[in-house]
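Colleague: Listed below, chain by chain, are the residues.
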Amino acid sequence: VAAVLAVFLLYSSIAGGGTPSLRPSSLAGHTGKVALAGRVLRPVTGDAHGAGLHFRLRDVKGTATVPVVYTGSVPDLFRPGRDVVVEGHLRSGVFVAIPGTLVTKCPSKYTPKKS
Amino acid sequence: VPELGRAALVVCFGLALYAVVAGFAGAYLRRRRLALSAQNALVAAFVAAAVSVGVLLAALVRSDFSFTYVSSFTSRELPLSYKLTALWGGQEGSLLLWLLVLTGYGAAAVLLDRRAGRELVAWVVPVLGIVAVFFSLLVVFVASPFKTHVAPADGVGLNSSLQSPYMQAHPPMLYLGYVGLTVPFAFAMGALLSGRTDERWIVATRRWTLLAWAFLGIGQLLGAKWAYEEVGWGGYYAWDPVENAALMPWLAATAFLHSVMVQERKGMLKVWNMLLVTLAFSLSLFGTFLTRSGVLNSIHSFTEGSIGPWFLGFICFVVAGSLTLVFRRLPLLRSKTKLESLASREATFLYNNLLLVALCLTILWGVTFPILSEAVRGESVTVGRPYYDFFLRAFGLPLLLLMGIGPLIAWRRASLRSLGRTFLWPFVAAVVAGAGLIAAGAGSSIPGLVAYTFSAFVAATIALEFIRGTQARRALSGEPVVRAFGSLVARNRRRYGGYIVHAAILMLAIGVAGSSAYNTSRSARLAPGQSLKVRDYTLVYRGLNSTRSENAVETRATIDVYRGGSRIATMHPGKNSYPVEQQVSNEVSIRSDLLTGEDLFLITEQVNRNGTIDFKALINPLVNLLWAAGLVFLIGSAVALWPDAREERRLAVRYGHLPQEV
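Chains as they are written, first to last, in my numbering: chain A, 1 to 115; chain B, 1001 to 1662.
Next up, chain A with everything else stripped away, as it sits in the complex:
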């Protein structure tokens, strides 16, 4: 048991730092990979399978916003007003997302319908 636990702790302390998940208001100063959670604002422009989808994310409860550019699969539930999480890096004021990391936050499986 002790050995198992040791392996586990070792791993989680080295590699298991995980991804900090932040709100737009607390994003400033983070240069590493983070997961950004927020509410999608209108307008959503561009092409997720081309030059990139552009939109702004706002704190779910708050006013701070940040522009996001995203490429890759867009989940079915994505649209303005929804809460999403996307992983990426902050690059000179724009949050550049890692392709394919956009997920909508309402756990679609168990919380049907949130409008």
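No lab work stands behind these hints: they were computed from the structure. For clarity, every value in this text was computed on a predicted model and none was experimentally measured. For each residue, glycine too, the CB sits at the ideal point set by N, CA and C. Just so you know, nobody snuck in bad clues.
Ranges of calculated distance between the beta carbons of each label pair, as one might list FRET restraints: (1) A:S92 <-> B:R1076: 49 to 55 Å; (2) B:P1528 <-> A:G93: 36 to 42 Å; (3) A:G93 <-> B:L1595: 53 to 59 Å; (4) B:F1141 <-> A:L41: 34 to 40 Å; (5) B:S1521 <-> A:A28: 34 to 40 Å; (6) A:T45 <-> B:V1319: 50 to 56 Å; (7) A:K33 <-> B:A1343: 44 to 50 Å; (8) A:T45 <-> B:S1521: 24 to 30 Å; (9) A:G93 <-> B:S1444: 40 to 46 Å.
Based on the hints, put chain B in the right spot on chain A.
Modeller: Quick look at chain B alone, frame taken from chain A:
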């Protein structure tokens, strides 16, 4: 009418409370009639819960939108079957279902398991009562499914992605599993309270645990199948917290099912079994809590949720209460025997248990990490797929290997010689399979290769067990092969049912390894007439067409699939858009090759104005083994569960018929 439902729940609450008070008093004072009346209260509570479920179902069927619950989860045009299954579509209904299943299980268990001894059952009743009190408290005071409001013209409706037969069956299966774990837990606590800490509680609850565990397993596979077909990202398991919520109690219950065999046989691991059953039950509560409390979004939204703190409090109470009990009964839980050798059946069971529990706890750590880090550092940190995949390999692969070793190795102590004799052929099979796979190019993924080599080993041991057993049977009875095989399984249902389940897990492992380690994915933007090559498939995009259905605009691409120069299929991946709900849903197209178990999985990711589509194609090898494994799992569980008169007689001899101590 909502009053009737509400009243029935209040009655249910009262009866559960009575079952607790009268049950404890009856058991403590050894008043048989009081204990019996507590038992009857539990049965009556089931009836009351059934009445209130009936009321809610009737309201759902009649689309009585004055029920807040009905208007929140159904609409007029929703098909009847979905109206009915909306019973577990929302939080309040799910809790009500929990209560119904709980009281049902509880009533059945105390009525059917009288053999466990009156004194034990007398203590089990109040424990079941406590759990029932908690859930009826929730539906009476905190999250009532019978809230009413001024009836709107139409209800909100059901999320389109939940309108799937898999989603109709998945939640009740999970609940039957989660709640079923209450029974072994209650018997374990009953055993501690009564001081009857022999194997009786385990014997009495073996089938209940198995049943709950089988439901949990099947429920998860249904969920995976749903995710695969409906969510449309090409996979079936994403280590999502709500998925993990069901996996953790299943792992704990798997460990428990194995370790009780050691206790039955050797009288060892008594404390460990008590802890495991507590872990399994707490995790099933935790699973309900995770999926229902909103804690996953953020610890902040959790404190706003109404049922979250209640659940957390109850989980703490359960853990603290059972640990205290175990601690106070420690002198009674001493092992009769000691572990003699690290190479023995007992030791293998122990390794299996440690690995299962370690896997379970690392998942728990991963699930709670965002919550813990937010509470501690004010910044929520999530762990992702790499974390879980790492531990699945680190603990899962050795587990796979143990599945081959465990059933064959001798009890007590295995000599080197007997080990060589037993494992010669499986070892040869593994080496041959490994060499063959490397030649076939499976070396591209080391974990995949290891998984397959181990699988060959396990498959060989299972086959060997069946062959040896059948031969022995033939030698004994002179029956023809098929008859001998049949009677072998029939006479040792538990053992061979177990092997069949092992075979199912093996198929699952092969399917998971195949579809995760050897899958291929390509995506491209295609104009009509253009094609995309994915491995040996050529996909030609022919065009788009849209049709209007009752409540959606259905856009479908036409894709011709060629392999080896000839057209083998035409597929139609597309999107539905629902104007009323303002929602789109991916409608993927899947072509299963039943011969190889491989899926061609097509997704239309984006439809562009100029008629081009952004298109993704995945090849998932062996993924169909997963669903086949579900069937084998079901068969194996059924064999192990099937009542066995011979076993009953054996047990009756061992434990005496009805102890007359009360």
